[in-house]
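Chemist: Mind docking chain B on chain A? Use the hints.
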Amino acid sequence: MSNKQKDPNSWKYWKFFWSSWMIQASWNYERQMNMGYMYGMSSILDKIYSKPEDIEKKKEAYNRHLEFFNCTPQTASFIMGLTASMEEQYYEDPDKVDTNAITSVKTSLMGPLSGIGDSFFQGTVRVIAFGLGISLAQQGSILGPILAMIISFVPSFVVTYYGGKIGYNTGNKYLTRLYEGGLMNQLMYITNIIGLMVIGAMIASLIGITTPIAFGETFKLQETLDSIIPDLLPLLSTFLMYFLIKKNVKTGWLLGICIVGGVVLSALGILA
Amino acid sequence: MLIKAILVGLIGVIAILDSRLLGRLNLERPLIGATLTGLVLGDLTTGLMVGATLELVSLGLVNVGAAAPPDMNLGAIIATAFTILTGATPETALTIAIPIAVLGQLLGILLRTLLASLTHRADALVEQGDFEAAKRIHVVWATSLYALSYFIPIFSAIYFGTAVIEGLVGVIPEWLTNGLTVASKILPAYGFALLLNTMMTSKNVVFLLAGFFITAYSGISVTAISIFAVIVAFILADIKFNRPAASAVGAAPIDFEDYDDLDSPDDL
Numbered sequence: 029m030s031n032k033q034k035d036p037n038s039w040k041y042w043k044f045f046w047s048s049w050m051i052q053a054s055w056n057y058e059r060q061m062n063m064g065y066m067y068g069m070s071s072i073l074d075k076i077y078s079k080p081e082d083i084e085k086k087k088e089a090y091n092r093h094l095e096f097f098n099c100t101p102q103t104a105s106f107i108m109g110l111t112a113s114m115e116e117q118y119y120e121d122p123d124k125v126d127t128n129a130i131t132s133v134k135t136s137l138m139g140p141l142s143g144i145g146d147s148f149f150q151g152t153v154r155v156i157a158f159g160l161g162i163s164l165a166q167q168g169s170i171l172g173p174i175l176a177m178i179i180s181f182v183p184s185f186v187v188t189y190y191g192g193k194i195g196y197n198t199g200n201k202y203l204t205r206l207y208e209g210g211l212m213n214q215l216m217y218i219t220n221i222i223g224l225m226v227i228g229a230m231i232a233s234l235i236g237i238t239t240p241i242a243f244g245e246t247f248k249l250q251e252t253l254d255s256i257i258p259d260l261l262p263l264l265s266t267f268l269m270y271f272l273i274k275k276n277v278k279t280g281w282l283l284g285i286c287i288v289g290g291v292v293l294s295a296l297g298i299l300a
Numbered sequence: 031m032l033i034k035a036i037l038v039g040l041i042g043v044i045a046i047l048d049s050r051l052l053g054r055l056n057l058e059r060p061l062i063g064a065t066l067t068g069l070v071l072g073d074l075t076t077g078l079m080v081g082a083t084l085e086l087v088s089l090g091l092v093n094v095g096a097a098a099p100p101d102m103n104l105g106a107i108i109a110t111a112f113t114i115l116t117g118a119t120p121e122t123a124l125t126i127a128i129p130i131a132v133l134g135q136l137l138g139i140l141l142r143t144l145l146a147s148l149t150h151r152a153d154a155l156v157e158q159g160d161f162e163a164a165k166r167i168h169v170v171w172a173t174s175l176y177a178l179s180y181f182i183p184i185f186s187a188i189y190f191g192t193a194v195i196e197g198l199v200g201v202i203p204e205w206l207t208n209g210l211t212v213a214s215k216i217l218p219a220y221g222f223a224l225l226l227n228t229m230m231t232s233k234n235v236v237f238l239l240a241g242f243f244i245t246a247y248s249g250i251s252v253t254a255i256s257i258f259a260v261i262v263a264f265i266l267a268d269i270k271f272n273r274p275a276a277s278a279v280g281a282a283p284i285d286f287e288d289y290d291d292l293d294s295p296d297d298l
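If you read the sequences in order, they're chains A and B. So for the first sequence, the numbering used here puts the first residue at 29; every next one is plus one. So for the second sequence, the numbering used here puts the first residue at 31; every next one is plus one.
Hints may be right or wrong, so weigh each one.
Straight-line alpha carbon distances no greater than 25 Å define the calculated BS3-like cross-link-like pairs of lysine-lysine that follow [said to hold, decoys possible]:
1. B:K233 to A:K275
2. A:K75 to A:K87
3. A:K124 to A:K85
4. A:K86 to A:K75
5. B:K233 to A:K79
6. B:K165 to A:K87
7. A:K75 to A:K124
8. A:K85 to B:K165
9. A:K124 to A:K87
10. A:K79 to A:K124
11. B:K233 to A:K274
12. B:K165 to A:K86
13. A:K75 to A:K85
14. A:K124 to A:K86
15. A:K75 to A:K34
16. B:K233 to A:K75
Sample of chain B residues with no beta-carbon within 10 Å of chain A, all distances over it, derived [as the list claims (entries may be wrong)]:
17. I33
18. I36
19. G72
20. E121
21. L136
22. L137
23. L178
24. F181
25. I182
26. S186
27. T192
28. V194
Covered stretches of chain A (chain B as the covering partner; in silico rule of three or more C-beta atoms under 8 Å from a C-beta of chain B) [stated by the list, open to error]:
29. 66-72
30. 249-259
These are computed hints drawn from the structure, not numbers from a lab. Quick caveat, the model's predicted, so the values are computed rather than measured. Positions of the beta carbon are idealized from the N, C-alpha and C atoms, including for glycine.
Isolated chain A, as found in the complex (with noise of 0.2 Å):
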């Protein structure tokens, strides 16, 4: 590490990059993110079987790598980085790796890697990101969208960077060791409390669900309700949905009880 060499791999980690974020690029029903993963494998494979006698072994490369794939983009470059090594291992030894380990890899990471991916990025980060944007949104400042922005960048880039170093490097060791020593168990604890808080303020500061209910002149319900618990109304909205959620009521309805609610509730005078 003390010489600063160059690692003859840095293109290699530049390609698990680039393609882990453009892997959506033809997401489609039938095998998702296939075309994107067989993208991700595409300059590796063809380095490897660069002679024209080995022709037949690239095709069946190629299409070992366009079979139905879909992960959260920024953990997918580590899956690529883990096959692309196995790649190579298998044509200097086909005995040592064998095809069926490529695919049992490919889709048995997909699915934990992207329960990680998605609570993370699309849970937590997001989140948080947005959260702060509105909130200065509202206030009219450009840096809301702006900080949305940056904080929605720096985690993306550096999992998805060294997710791909990682997964052609250590590969499977690694995330072993995450899971064994309990630092993926930590970080999942850290980011779910950040984001339960979060989302706990949002609810109290973002939703602005208030009753003009009165009784004559001197009883306004809203006053009443604020000098016990403000905001009590956004939290027991979301604790309805919540439970409606859990009683697996389906999207479209849910989504059609909101808005129909929404202008009943405010039509009868109840909420405003």
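Modeler: For chain B alone, kept in the frame of chain A given last:
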């Protein structure tokens, strides 16, 4: 109007290509699309206001896996443009955005079905040994189709539709506008509930309540809560993971069973 329609159409192209080519850096969000539209059409404040409103409404609509939620990005860009071009109030933007979002959702499903046929074309090209052409399907053709699927609707809506929409907005009754404003306040509750559905268990609900009550009673900002949350999370993680003896008194444990189902490397 031609130039404005083209420029706003290009914002749509940036939005859709964000998730196609940039791994979803969240440029494809109502807040960003609306802000850029405001910037291009010379009314940044309206862009920010409409963006904040629609972002809040769609915060819970997550693009994960195969799910296709209403396309609020398309809705936000077109609604912002209409609001600015027709001089409507930011509240009316919601009444325009939601139907467009539903149309955009249908368009998206159609396109992703169509792209399934391109994957068969890629299979055939690999079979013929034309690897470069197979890659071009992913990089060039599919990308262009996605870009057009945003550019064409936005361009036509703005170039041909402003007058039509202006007329429609004029006849929307007040009770409907008021009702949809209330609906726009309930929708974020639904969005947050969707997020909580994947994150919350009976054991960690206290963190949600902590965030809620601190903000509800003290009125401090989301930024402040985020900073406190990071500090609290690191302290609790330290108690829970680095001092095993103290963990029984300290943090509420979280169920990680969902994340432990990774196949062991011995299976390879």
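Chemist: So, for every hint listed, does it hold in this structure?
Modeler: We went through each hint and held it up to the structure:
A distance of roughly 19 Å separates the Cα atoms of K233 of chain B and K275 of chain A; the hinted pair therefore holds under the 25 Å criterion. For the suggested pair K75 of chain A and K87 of chain A, the alpha carbons sit about 13 Å apart, so the restraint of at most 25 Å is met. With a C-alpha separation of about 17 Å, the suggested pair K124 of chain A and K85 of chain A falls inside the 25 Å cut-off, and the hint holds. A C-alpha spacing of about 10 Å is found between K86 of chain A and K75 of chain A, which places the hinted pair at or below 25 Å, so the restraint holds.
Taken as a hint, the K233 of chain B and K79 of chain A pair is broken in the structure, with Cα atoms around 59 Å apart against an allowance of 25 Å. A C-alpha spacing of about 13 Å is found between K165 of chain B and K87 of chain A, which places the hinted pair at or below 25 Å, so the restraint holds. The straight-line distance between the Cα atoms of K75 of chain A and K124 of chain A is roughly 20 Å, inside the 25 Å bound, and the hint therefore holds. This hinted pair checks out: K85 of chain A and K165 of chain B have alpha carbons roughly 18 Å apart, not beyond 25 Å.
For a cut-off of 25 Å, the pair hint linking K124 of chain A to K87 of chain A stands: about 21 Å separates their Cα positions. In summary, the hint linking K79 of chain A to K124 of chain A is supported, as the alpha carbons are separated by about 21 Å, within the 25 Å threshold. Proposed proximity of K233 of chain B and K274 of chain A is supported: the alpha carbons are some 16 Å apart, at most 25 Å. Note on K165 of chain B and K86 of chain A: the hinted pairing holds, with a Cα-Cα distance of about 14 Å set against a maximum of 25 Å.
Taken as a hint, the K75 of chain A and K85 of chain A pair is honoured in the structure, with Cα atoms around 13 Å apart against an allowance of 25 Å. Among the hinted pairs, K124 of chain A with K86 of chain A is consistent with the structure: their alpha-carbon atoms are about 18 Å apart, no more than 25 Å. Between K75 of chain A and K34 of chain A the alpha-carbon distance is near 20 Å, which keeps this suggested pair within the 25 Å criterion. For the hint pairing K233 of chain B with K75 of chain A, the CA-to-CA distance comes to about 51 Å; that exceeds 25 Å, so the pair is violated.
Non-interface status of I33 of chain B relative to chain A is upheld: no Cβ of that chain comes within 10 Å, the nearest being about 23 Å off. For I36 of chain B, the condition that its CB be more than 10 Å from all CB atoms of chain A holds, with the nearest at approximately 22 Å. Its beta-carbon lying about 14 Å from the closest one in chain A, G72 of chain B satisfies the requirement of being farther than 10 Å from that chain. Chain A leaves E121 of chain B outside its interface by the beta-carbon criterion, the shortest separation being 12 Å against a cut-off of 10 Å.
Taking the minimum C-beta to C-beta distance to chain A, about 13 Å, the non-interface status of L136 of chain B holds against the 10 Å cut. With a minimum CB-CB distance of about 14 Å to chain A, L137 of chain B clears the 10 Å threshold, and the non-interface call stands. No Cβ of chain A comes within 10 Å of the Cβ of L178 of chain B; the nearest lies about 13 Å off, and the non-interface call holds. No Cβ of chain A comes within 10 Å of the Cβ of F181 of chain B; the nearest lies about 16 Å off, and the non-interface call holds.
Every C-beta of chain A lies more than 10 Å from that of I182 of chain B, the closest at about 18 Å, which supports listing it as non-interface. Every beta carbon of chain A lies more than 10 Å from that of S186 of chain B, the smallest distance being close to 24 Å; the non-interface claim holds. For T192 of chain B, the non-interface assignment is confirmed: its Cβ lies about 25 Å from the closest Cβ of chain A, beyond the 10 Å cut-off. Distance check for V194 of chain B against chain A: the nearest CB is about 22 Å away, which clears 10 Å, and the non-interface claim stands.
Only residues whose C-beta sits within less than 8 Å of a C-beta in chain B count toward coverage, and the segment 66-72 of chain A has 3 of them, enough to reach three; the restraint holds. Given as covered by chain B, the segment 249-259 of chain A passes the check, having 3 residues with a CB less than 8 Å from a CB of that chain where 3 are the minimum.
Hint check: violations occur at hints 5 and 16; the rest are consistent with the structure.
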